[in-house]
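A.B. asks: Start counting the sequence shown at 55; every next residue gets the next number (the numbering used here).
Because the hints were derived from the structure by calculation, they are not lab data. Heads up, a few of these hints could be off.
Said to hold, decoys possible - Subject to a maximum C-alpha distance of 30 Å in a straight line, what follows is the list of computed DSBU-like cross-link-like pairs (lysine-lysine): (1) K299 with K156; (2) K138 with K123; (3) K357 with K264.
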Amino acid sequence: MKHLPIQSDSYKYILQSFKEWLDVLGYADTTVYGMPHLIREFLHYLENGQCPVGIEPGCGTGKRITNIKDITNNHIKAHYRELKTRANTRQGGGLSNSYLNKHLQALQKFSDYLRQSGRLQLPKLYIQTEEDNHQIKYVLTQEEIQQIYKATELYPTDTERIAPWMYEALALRDKAMLTVLYGCGLRRNEAVHLDISDVVADKNYIYVRKGKNYKERIVPINTTGLTHLQNYLYESRPRFIKDNKQEMFFVSQRGLRMNGQSMLLRLKILIQRVDNTELQSKDVGLHTLRHSIATHLLQNGMKLEAIAKFLGHNSLESTQIYTHLVEQENEENGKYLLREI
C-alpha cells in the first residue's frame, strides 16, 4: 500500500502536507506514519479512474481524477464501498471491520485537513463506522498481575553477561512500566511518549499529552505506584540516559526512547519467569494490561463513567465491552477497592 505509485505532483505534495499537518497537531508517530499511506491508496484509486460510472460527472471508467479540487464526497464514498467489497488476500474473506474503520478514520481526517487548510471545502463526511468485531482474548486476574510484579525481582544470579547493577536497574524499570500500563491503564503509545514532566508526583497523577486522537487526560496514580515510578526515575533511569537533557521517561539500554516492541519483550520475559503455566499459555500483550485494569476496576465497584474517564474513552460504548467480563460487582458507590501493588 505504501508503495502504490502516485503520478500527480499535486497529490504528492498533498500527501506530504497532510503528514506534516498530523505531526503538528501532535498525533502519535504511528498515525503520522500510517494514515498518509491509507490516503495514498485513495489517491491512487482516483488517478487510475476506478471510481464507478455514474457516481459523479467526470467519474467513471477511464476518467481519472488528478486535481485535488475535483474530489467530492461521492468519490470518497465510492472508494470506501470498493474497500468493503475487496477480498482479504492474506486471510480470505473480506477486509476486517477494524481495518475498514482505520481507512474510514483516515478519509475523515483527510477531509478535515482539506477543509481546515482551505484547499477544498468538502461537506462533513458522514459514513457510519463498522461494528467493532474485535474481541478481548484475555484478561489477567489480580493474582496474575501480582505474580508479574513479583517476577521483576526474580532476575538471574548469574552476572557473567550483564553487570549486577543492570539487573537491578531493569527490575525497577519493569515495575515502573507495569505501573504505567496496568496501574494507570495507559495505551502502548501513551506509555512510549511519556516524558519526565508528565509525571506530576506532588499531585499524584500522570498527564497524558498524546492520547488517542490527540486527546489529553489526567490519570491518578496511587502511592505505591508513584513509589515505583520514583524509584526508577532516581535510581535506575540515570544509568540508561546519555545526558540530563533527555526528556523521555522510559529509556532503553542504548539511551534512546524505549519503544513499544521493547516493552512487550520485557513483559514476555517477566511472564516466563512466573511459575504459572496457565499464564504463560495466554497470548498476553501490552493492551492486555489495560483491559485487565479496566475489568478489575469494574469488579471492585468503580462506576462505568469513571472508568471511561480513566481510560480516556470518548464514549461509554467503548467501556461497556468490559461489563460482560465481570462476574460480579459490589455496590460500594464506585469506590476504588483494588489493593495497591
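A.B. asks: For every hint, state whether the structure bears it out.
C.D. replies: Consistency of the hints with the structure:
1. With a C-alpha separation of about 36 Å, the suggested pairing of K299 with K156 is violated against the 30 Å cut-off.
2. Between K138 and K123, the direct Cα distance comes to roughly 26 Å. Compliance with the 30 Å bound is thereby established for this hinted pair.
3. Taking the CA atoms of K357 and K264, the gap is about 25 Å. The hint holds against a cut of 30 Å.
Checked against the numbered hints given earlier, the structure breaks only hint 1 and satisfies all the rest.
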